[in-house]
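**Q** Single-letter residue listing:
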Amino acid sequence: MISPSAYPWAEGETLGQHLDERGIPRRDFLEYCGKMAVILGIGSAAAPRVAKALESVKRPSVVWLQLQECTGCVESVLRTENPSIGDLLLDVISLDYNHTLMAGAGKAVEKAKTDAMAANKGKYLLVVSGSIPTKENDIYTMIGGKTARMQLEEAAEGCAAIIALGACAHWGGVQGARPNPTGAVGVRDIIKNKPILVVAGCPPIGDTVTATVVHFLTFGALPEMDREGRPLFAYGERIHDQCQRRAHFDAGQFVETFDDKGAREGWCLYQVGCKGPATFSPCPIFKWNTRTSWPIEAGHPCIGCTEPYFWDTMTPFYGRLPDVAGFGIEKRVDTIGASLAIGAAAGVAAHATMTVLHQMKRRKATRQVPEATEDEGANNG
Amino acid sequence: MNVTSDRSARHPPGAGFLEHFGKPVPRERGDFTWVYLWGAPLRIMHWIAAVCIAALVISGLYIGRPYFATAGEASSHFMMGKFRFVHFTAAAVIVMTGIVRVYWLFAGNAFERLPALFPVTPRNLLNMWRVVRTYFNLHTEEQPHFIGHNPLAQSAYTGVYLMMVVMVVTGFTLYGQSNPTGIIYHSLSWVPALFGGLQIVRLVHHALTWAFVIFVVIHVYLAVRADYVERAGVISSILTGGRFVSSSDHFEDLDLSTGHPHPWPKE
Ligand code: HEM
Ligand code: SF4
Numbered sequence: 001m002i003s004p005s006a007y008p009w010a011e012g013e014t015l016g017q018h019l020d021e022r023g024i025p026r027r028d029f030l031e032y033c034g035k036m037a038v039i040l041g042i043g044s045a046a047a048p049r050v051a052k053a054l055e056s057v058k059r060p061s062v063v064w065l066q067l068q069e070c071t072g073c074v075e076s077v078l079r080t081e082n083p084s085i086g087d088l089l090l091d092v093i094s095l096d097y098n099h100t101l102m103a104g105a106g107k108a109v110e111k112a113k114t115d116a117m118a119a120n121k122g123k124y125l126l127v128v129s130g131s132i133p134t135k136e137n138d139i140y141t142m143i144g145g146k147t148a149r150m151q152l153e154e155a156a157e158g159c160a161a162i163i164a165l166g167a168c169a170h171w172g173g174v175q176g177a178r179p180n181p182t183g184a185v186g187v188r189d190i191i192k193n194k195p196i197l198v199v200a201g202c203p204p205i206g207d208t209v210t211a212t213v214v215h216f217l218t219f220g221a222l223p224e225m226d227r228e229g230r231p232l233f234a235y236g237e238r239i240h241d242q243c244q245r246r247a248h249f250d251a252g253q254f255v256e257t258f259d260d261k262g263a264r265e266g267w268c269l270y271q272v273g274c275k276g277p278a279t280f281s282p283c284p285i286f287k288w289n290t291r292t293s294w295p296i297e298a299g300h301p302c303i304g305c306t307e308p309y310f311w312d313t314m315t316p317f318y319g320r321l322p323d324v325a326g327f328g329i330e331k332r333v334d335t336i337g338a339s340l341a342i343g344a345a346a347g348v349a350a351h352a353t354m355t356v357l358h359q360m361k362r363r364k365a366t367r368q369v370p371e372a373t374e375d376e377g378a379n380n381g
Numbered sequence: 001m002n003v004t005s006d007r008s009a010r011h012p013p014g015a016g017f018l019e020h021f022g023k024p025v026p027r028e029r030g031d032f033t034w035v036y037l038w039g040a041p042l043r044i045m046h047w048i049a050a051v052c053i054a055a056l057v058i059s060g061l062y063i064g065r066p067y068f069a070t071a072g073e074a075s076s077h078f079m080m081g082k083f084r085f086v087h088f089t090a091a092a093v094i095v096m097t098g099i100v101r102v103y104w105l106f107a108g109n110a111f112e113r114l115p116a117l118f119p120v121t122p123r124n125l126l127n128m129w130r131v132v133r134t135y136f137n138l139h140t141e142e143q144p145h146f147i148g149h150n151p152l153a154q155s156a157y158t159g160v161y162l163m164m165v166v167m168v169v170t171g172f173t174l175y176g177q178s179n180p181t182g183i184i185y186h187s188l189s190w191v192p193a194l195f196g197g198l199q200i201v202r203l204v205h206h207a208l209t210w211a212f213v214i215f216v217v218i219h220v221y222l223a224v225r226a227d228y229v230e231r232a233g234v235i236s237s238i239l240t241g242g243r244f245v246s247s248s249d250h251f252e253d254l255d256l257s258t259g260h261p262h263p264w265p266k267e
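Protein chains in written order, with this note's numbering: chain A, 1 to 381; chain B, 1 to 267.
Any given hint might turn out to be false.
[Unchecked claim] Subject to a maximum C-alpha distance of 25 Å in a straight line, what follows is the list of computed DMTMM-like cross-link-like pairs (lysine to aspartate or glutamate):
| hint | chain 1 | residue 1 | chain 2 | residue 2 |
| --- | --- | --- | --- | --- |
| 1 | A | K58 | A | E256 |
| 2 | A | K364 | B | D249 |
| 3 | A | K364 | B | D227 |
| 4 | A | K361 | B | E73 |
| 5 | B | K82 | A | E256 |
| 6 | A | K361 | B | D249 |
Honestly, the hints are just simulated from the structure, not real lab data.
Can you build the whole structure from these sequences, using the hints too?
**A** Next up, the structure:
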């Protein structure tokens, strides 16, 4: 698929020349630039600018570290049925180092990496997928005899910018879920002195990565980001506010079980635990697998995988609210709340009975001294 | 201080009728004084808040667990939309009311001002304990009397104010999510960070709803109970602003001879 490419992008050759050589029609290239300009939120009118910048780009150096992870991000980003220009772009820019995709192995490969980093010092783009384990002196992930932290710190040293790819590099991922036995953390917890962009998701959508790379190549800088470090062009809006089932939400039409009428009619998945109202992600627009579909379109509630700590805070995936812990068994907040309210009402009824009985006794006693000036007492309400 | 009628000589109307059934109403005797306590702004705010809280709880519980299954086209319904509209409108009203209440913490009378919210004196600890005892009908002769709120009631009301602040903060945090470039989103972006995620914010917002339900149940009961036990017109005081007190009563927070009410006097 990706590397080793049959058409290596030669040193010194521009991207325009390289695409020519590969026989990519210019029309396709311009179309692609237009699409990217739209995704980046700079408008299709900016397409010529993107095209011009991309055409003259010389082969950038990219180092891709995979630390404590499952390789799903690489799969998501690179594996598509018909390679588009976007995939090609990733193909051609790639890759001085990626241990899953490289043909070589062992010491030679580690040397290739250090050579590339030395040759492109201050200029290469570092892509990181996977988390960094920090417990027991970082021993839980070792690559080429070094811990993940050492690998990351070494590679970050001379890079121009970092793309943290996927939930693991974002905040720790599934291995960072409670109780986080390896002490997994994200890239931003380790590296503080480089621009870091987070392409969030478990895994993220490939288009987001290519668009970010295009932005980096066009403008020489990372795009605008939110507090999480996610690019705003992709993560600027909630799923809930872009969702094709939203009309059913407003109407009050909800799927209650996955085999009911509502499910067949494509109603809103709120009641079966959809986390769209708490999740910022481009899924409804970019979609998955060369724009085939996306979870909610396919009938599955969003699990909120672009949000930090989603394994802890977005679970249960098929329930709307987090479970209330500490009762031995899992109980929903409504069960507890309603029980307490009923308890309060019952307590009030019992107390009222007691008060009435007490007052009746008391008043009976008072009645026997009808002329008493003793007052009943005053308010305390 | 508004002094009105002396009711000592009068029988309550209808007392004869009730006596017929063997249940004489105890007659009130002595000098009665009408004490004006709650200013009109406070009373209006109380009832606006009551209506808003009812609307917020009902619409909130629907938002949290929508249940009217509606068949047909989405375009022919707007059920969730309507409940959310009610919720957000009531939210806006209660925030406005809250702003006036904050102003009234400085402009109101002694019972409505900021210091009145915090009955933190050693004497009040003892009084709080005595109030609790009388709620169990024990040692009722030692019940301390207050013209305003007793310290236990006041603590509950202050707690409700704080709960409302949490509701408003969490509610507007959820509300702001739909416009992430807006001012609400940005000014409240510390909230999800503080709670550990938006879902926790949602959970807190949802769970506290039940605290309001429980509060309303107990609050209404205790008001009715006070009216029943003490026959001092406590419910009427949130409508008219004042109530009658007998000159023979001793109040912790009112000196009838000087006519200077003050909550939580130092000794
Ligand atoms: C006594 C006051 C309030 C009560 C009892 C209340 C109750 C509730 C409840 C039970 C929910 C459902 C939560 C869930 O399960 O997701 C909810 C949702 C919500 N509330 Fe409140 N709320 C109150 C005040 C407010 C205020 C002041 C605001 C400010 C705008 C607000 C905004 C919201 C929003 C935005 C939602 C989520 C609606 C959605 O996701 O569509 N609430 N409220
Ligand atoms: S399916 Fe999820 S994201 Fe879509 S409208 Fe319903 S709750 Fe919102």
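**Q** Any of the earlier hints contradicted here, and which numbers?
**A** When the structure is compared with the hints, numbers 1 and 4 turn out to be violated.
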